[in-house]
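Novice: With chain A fixed as given, assemble chains B, C and D onto it according to the hints.
4 protein chains.
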Amino acid sequence: MIIVMKPNAKKESIRNIIQIIEGKGLTAHISDGKEVTIIGVVGDKTKLQDQNLEISEDVDKIVPVTESYKLANKKFHPQPSVIKVGNVTIGGEEFVIMSGPCAVESREQLLETAHAIKKAGARILRGGAYKPRTSPYAFQGLEEEGLRFMKEAREETGLAVVCEVTSLAAIESAVKYVDMLQIGARNMQNFYLLKEAGKTGLPVLLKRGLSATIDEWLNASEYIIAEGNPNVVLCERGIRTFETATRNTLDISAVPVIKDKSHLPIIVDPSHATGVRKYVKSLAMGAVAVGADGLMIETHPDPAHALSDGPQSLTFPQFEELCAGIRPLAELMGKKF
Amino acid sequence: MIIVMKPNAKKESIRNIIQIIEGKGLTAHISDGKEVTIIGVVGDKTKLQDQNLEISEDVDKIVPVTESYKLANKKFHPQPSVIKVGNVTIGGEEFVIMSGPCAVESREQLLETAHAIKKAGARILRGGAYKPRTSPYAFQGLEEEGLRFMKEAREETGLAVVCEVTSLAAIESAVKYVDMLQIGARNMQNFYLLKEAGKTGLPVLLKRGLSATIDEWLNASEYIIAEGNPNVVLCERGIRTFETATRNTLDISAVPVIKDKSHLPIIVDPSHATGVRKYVKSLAMGAVAVGADGLMIETHPDPAHALSDGPQSLTFPQFEELCAGIRPLAELMGKKF
Amino acid sequence: MIIVMKPNAKKESIRNIIQIIEGKGLTAHISDGKEVTIIGVVGDKTKLQDQNLEISEDVDKIVPVTESYKLANKKFHPQPSVIKVGNVTIGGEEFVIMSGPCAVESREQLLETAHAIKKAGARILRGGAYKPRTSPYAFQGLEEEGLRFMKEAREETGLAVVCEVTSLAAIESAVKYVDMLQIGARNMQNFYLLKEAGKTGLPVLLKRGLSATIDEWLNASEYIIAEGNPNVVLCERGIRTFETATRNTLDISAVPVIKDKSHLPIIVDPSHATGVRKYVKSLAMGAVAVGADGLMIETHPDPAHALSDGPQSLTFPQFEELCAGIRPLAELMGKKF
Amino acid sequence: MIIVMKPNAKKESIRNIIQIIEGKGLTAHISDGKEVTIIGVVGDKTKLQDQNLEISEDVDKIVPVTESYKLANKKFHPQPSVIKVGNVTIGGEEFVIMSGPCAVESREQLLETAHAIKKAGARILRGGAYKPRTSPYAFQGLEEEGLRFMKEAREETGLAVVCEVTSLAAIESAVKYVDMLQIGARNMQNFYLLKEAGKTGLPVLLKRGLSATIDEWLNASEYIIAEGNPNVVLCERGIRTFETATRNTLDISAVPVIKDKSHLPIIVDPSHATGVRKYVKSLAMGAVAVGADGLMIETHPDPAHALSDGPQSLTFPQFEELCAGIRPLAELMGKKF
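Chains as they are written, first to last, in our numbering: chain A, 70 to 406; chain B, 70 to 406; chain C, 70 to 406; chain D, 70 to 406.
Careful, some of the hints might be misleading.
Since copy identity is lost for identical chains, a pair holds within one copy or between any two.
[Claimed, not checked] Okay, derived cross-link-like pairs now, SDA-like style, lysine to any residue, Cα gap no bigger than 25 Å in a straight line:
| # | residue 1 | residue 2 |
| --- | --- | --- |
| 1 | Lys264 | Ala207 |
| 2 | Lys79 | Glu136 |
| 3 | Lys139 | Lys187 |
| 4 | Lys103 | Pro147 |
| 5 | Lys264 | His374 |
| 6 | Lys114 | Asp371 |
| 7 | Lys130 | Ala393 |
| 8 | Lys330 | Ser175 |
| 9 | Lys75 | Tyr206 |
| 10 | Lys79 | Asn156 |
| 11 | Lys75 | Gly92 |
| 12 | Lys330 | Gly344 |
| 13 | Lys79 | Pro380 |
| 14 | Lys220 | Ala238 |
| 15 | Lys188 | Arg396 |
| 16 | Lys153 | Phe406 |
| 17 | Lys245 | Ser125 |
Keep in mind the hints are simulated off the structure, nothing from the lab.
Extracted from the complex, chain A is given alone in its bound form:
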């Protein structure tokens, strides 16, 4: 942590800051510059948590030097994490595709989808039973009934299953049926929910919030890991920008940045990122080439009549085509698919 003083800061102000630092058992290193004085703080900066030095007299700004997330930080855990979901591993050699409908609508729809995506190459079935929708008048999900269909699909196909949870009640139901919990973009900073998901010990798919920085995203993962649950997979699904040609803007750079800063695996969801079916395949290809560990792709037996996110869902033939395109590319990238 570095404290930058204002130009012409009074000696007394500087002395005062040093006293606070030393009073907490830390060491202050002073650099008297031509224009400004800067003070480096050496030691455990959490001891200064109840000292808002930025509003002390003559302080210009505080510059943090280390990241606030520790458990998700590659600096302290250099080996990439490999997360086990059912019998699938994410973050290792496998390239993993999760697929399925935005919302579970019926037993038939889900089972039909499960068989189709398995055949094409997907390893994990996704499906929403609790749907966070912008409008209260849109379809809100089948809730526990949807979870039961998920479990049935798992038993029939051997696919692992992942489902979004939006409340403690949903978590309590979901743990009985699914292999992995998903925290959606809108709940990325619902810290209460993160802690509860962490407590279950189940692997958690943590989607990036619409306007979350990568730093905040990793701090959100820290909430889960700090509960003793290191099984976190990150999912980039587009951020909100001024551009309207796509529903969100896929921040594909997040993949190499996460690989640089964290040991957690990261997958990409081009369906939510663009909201437009015709762009999904090429962005999926881009995600593989940039080094992602997997993909999440929305599929539906009849997208024209999907109750949620139909316009971005692929038909089964489209999904097969996507998988066919990805196969040689994943191989080129050294991944098994």
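Specialist: Showing chains B, C and D alone in chain A's frame:
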């Protein structure tokens, strides 16, 4: 709802769309343009909810014509709503200032603050008992103990009290102690929480999400109102943009836009919007002049040692000065303060 | 300037950095932290301009300590600048309203507008003769003929006149006719144009770029001032964000931030910021209350037939009403209007 | 073009709109909805350019149906354009890499770079002779001397050369030395410059502005093409968002979106998009897989001492490694490299 066909759309594709529309008992109005054909849909468009016409053949795009929120919409409720919180009214003639610490830290801190802000002119005491913090290692709040202090402060001063809730458990506790529930920016689209807050019947202060459009914000309020609870007050607290000179960017235009689109009252929180103490007063002045119904201002007996958001909190003398500046301005705007 | 080393940086890497710093005649202050080493650089950092230390081995990041703009910086010029435009002063006691049509369309339109805005209280006439338009098929301006009308309007009314310039040729024409040059948002980082505008010695109204940070904006002003022309007035006119209810998002916080960081005057343009006529007045009120030195408001004798930006232009009665609202507010803020 | 009336719009208001439309020789199609009336306009909408219908009484909003760009629009030019730059073609079967230093610093630096990038596989040499820099105190380029070195490098290596132009004077010099003009991000809406670049007939590399929508970008290309110069290549180089882990956010979705909306070729510049050397290669891979026609990659013989953008420049060995990675991927995508 308007359907714009692609140039050179096949007649059959157009016929197909018309059939779907008429099959739902709606009417289709066709305009054959020089370049494109457009189809206007007349009737209750919710009947088309399970028809994703945008992916039908030869459809270019769908343009919604009416807003998806109804209960919060001024078009169907032209009179401004006046919300009662304890013995205070928001949205009417009063200009209402809510103030207090970001986090309740102790009984003494809260009571001292309550007395100070009351003296300066505030009508509602704010204070966080459940704190959503970016890092799991930061202070997370006193929880129910904090709520008890809030209630005590209310009894001692007569101020109404508002507290943020972050889970169903927090709501269940809060209803026993406070006059108004706050849904924070990070939970604006935690639809589960919105519904539960709606069910309590208590007035709800709904902060705008960091990257929520005004349209999404009004849809979020719709979740609360749809539970039979029309007592919603909106709070603009800054949106996330590329600018870093302030923590967020206060979208002050939201005030006239909300006044134009909705009947709900709106207040402004310049403390969170800027994150910088020295900018709070002038933005508070701006908020009054632009027509806001009130302000939320963070104050603390000793901001340098606040456990949360100290750098943006005002001291009591600073808060008094702010209130003194606002008094003649509120009067000029025709408000009582 | 501070250099933050990576955790476990090799001693040799640190020695290497120190050598580079000392080799340039500067001093390095070392703080050996528990986790990382930081190196403070004391002396004239421009000597390190051709050293990209951030890519040296084991360097984590470089943190600048001082702003790159000097002449626009309040730290080195604490007194607010008062800029003279014709017989008007901006940045002092006067509250100055500039008004007029987006585009000069005809002699009659301009003269009629000039008389109307003068009567209502405006001091400076604006009008575009060179129009930067998104589409090449939209009206592009009357060019030099428009400038002649501006001059005529000045002579008839005594108003000062300001006109946007978009090229060296436009500057060469404009200096013969107007009192102030405007650099538009799209050209804020057209550094060539900034220098040429600077050389004229005429006061320059520098609009903020759509996605320019305040820091970049002040650096842009530095290009003008560095040519020996300190007569710069800044104009906040909205930034680009995800919100679409208004054309841009008025960053009203820019007013107190600029007042804190620079000595240059700042005015606000709510017409371009919102793009919607009905929101202009309340945002104009907000701008006065937040401490702006003036306003730019688009007006037109017949907005419904304006060739550019009609939807955001006020009629003359609307402009009179706006000025009437501002009068007591400006007075309350200690400004003459 | 569609006009949406307000709920309860007066019949007279609707009649008035219809009269305006018909008065211009266009046809109005009326759809009387349950809630609102919408009016479709059939015919050449440019006839309504001087009618700001959105501010007519009882009009709620105007919805454009067709894009304002025509010459760049795929709808009217379905075949992809292939642009010739020297003896290189962009947009066809070749995958084209442009490379070189951000700024031309010396004859030696440029020639050394030209030979190195040619050997690795690049086809076009880039190098800035006129540098738009945020601060006026940073290196501004060698100007015409730099252009002479570019020409010499072309003659020695056979590479085509591209150079950014920032003024009419720069264009007048550049046409004597280079094969392709570059319009930089900051000048994307410098319409004067676009027109002048268009007039030269030389191919133009048009970088996307930092906050330009894809629609505005295509409109900017329209300025060039409308001068009779169809030789435009687009370059995605990152947009400005809230994320700070990378300098800008690479909007990789722009590649499929442009391919869908326009016939112009598009390349990707991961160097400027991220500003961080270690992320360049994986983003370059992503760009190939997503379907880009080429790349622009900054290289420098000694990035640590580059006068501009050193931290994002690759060394020659790094560039060779990047090209080696791209070779099999480009082939997989059906491109020659």
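Novice: From the Cα coordinates, with 25 Å as the cut-off, is the pair lysine 153 and phenylalanine 406 best called within, between, both, or neither?
Specialist: within (16 Å within a copy, 39 Å between copies)
Novice: Classify it for me, lysine 103 with proline 147: is the Cα-Cα distance of at most 25 Å met within a copy, between copies, both or neither?
Specialist: between (39 Å within a copy, 19 Å between copies)
Novice: Given identical chains, is lysine 139 near lysine 187, meaning Cα to Cα at most 25 Å, within a copy, between copies, both, or neither?
Specialist: Answer is neither: 37 Å inside a copy and 42 Å across each miss the 25 Å cutoff.
Novice: At most 25 Å between CA atoms: does that hold for lysine 79 and glutamate 136 within a copy, between copies, both, or neither?
Specialist: Answer is between: at 20 Å across copies they meet the 25 Å cutoff, but 31 Å inside does not.
Novice: At most 25 Å between alpha carbons: which applies to lysine 114 and aspartate 371, within, between, both or neither?
Specialist: between (55 Å within a copy, 20 Å between copies)
Novice: Tell me, please, which holds for lysine 188 and arginine 396 at an alpha-carbon limit of 25 Å: within, between, both or neither?
Specialist: within (14 Å within a copy, 31 Å between copies)
Novice: If the cutoff is 25 Å on CA atoms, where do lysine 264 and histidine 374 land: within, between, both or neither? Let me know, please.
Specialist: Neither. Shortest intra-copy (36 Å) and inter-copy (27 Å) distances fail the 25 Å Cα cut-off.
Novice: Pop the pair lysine 330 and serine 175 into one bin, within, between, both or neither, using alpha-carbon distances up to 25 Å.
Specialist: This pair counts as neither: shortest intra-copy Cα distance 41 Å, inter-copy 37 Å.
Novice: Could you figure out if lysine 130 and alanine 393 sit no more than 25 Å apart (CA to CA) within one copy, between two copies, both or neither?
Specialist: Neither: 53 Å inside a copy, 29 Å across copies.
Novice: Within a copy, between copies, both or neither: which one fits lysine 79 and asparagine 156 at a CA-CA cutoff of 25 Å?
Specialist: neither (64 Å within a copy, 42 Å between copies)
Novice: Is it within, between, both, or neither for lysine 330 and glycine 344, if the alpha carbons may be no more than 25 Å apart?
Specialist: For lysine 330 and glycine 344, the Cα distance is within 25 Å only across copies (16 Å; inside one copy 28 Å).
Novice: With identical chains treated as interchangeable, where does the CA-CA distance between lysine 264 and alanine 207 reach 25 Å or less: within a copy, between copies, both, or neither?
Specialist: between (28 Å within a copy, 14 Å between copies)
Hint check: violations occur at hints 3, 5, 7, 8, 10, 17; the rest are consistent with the structure.
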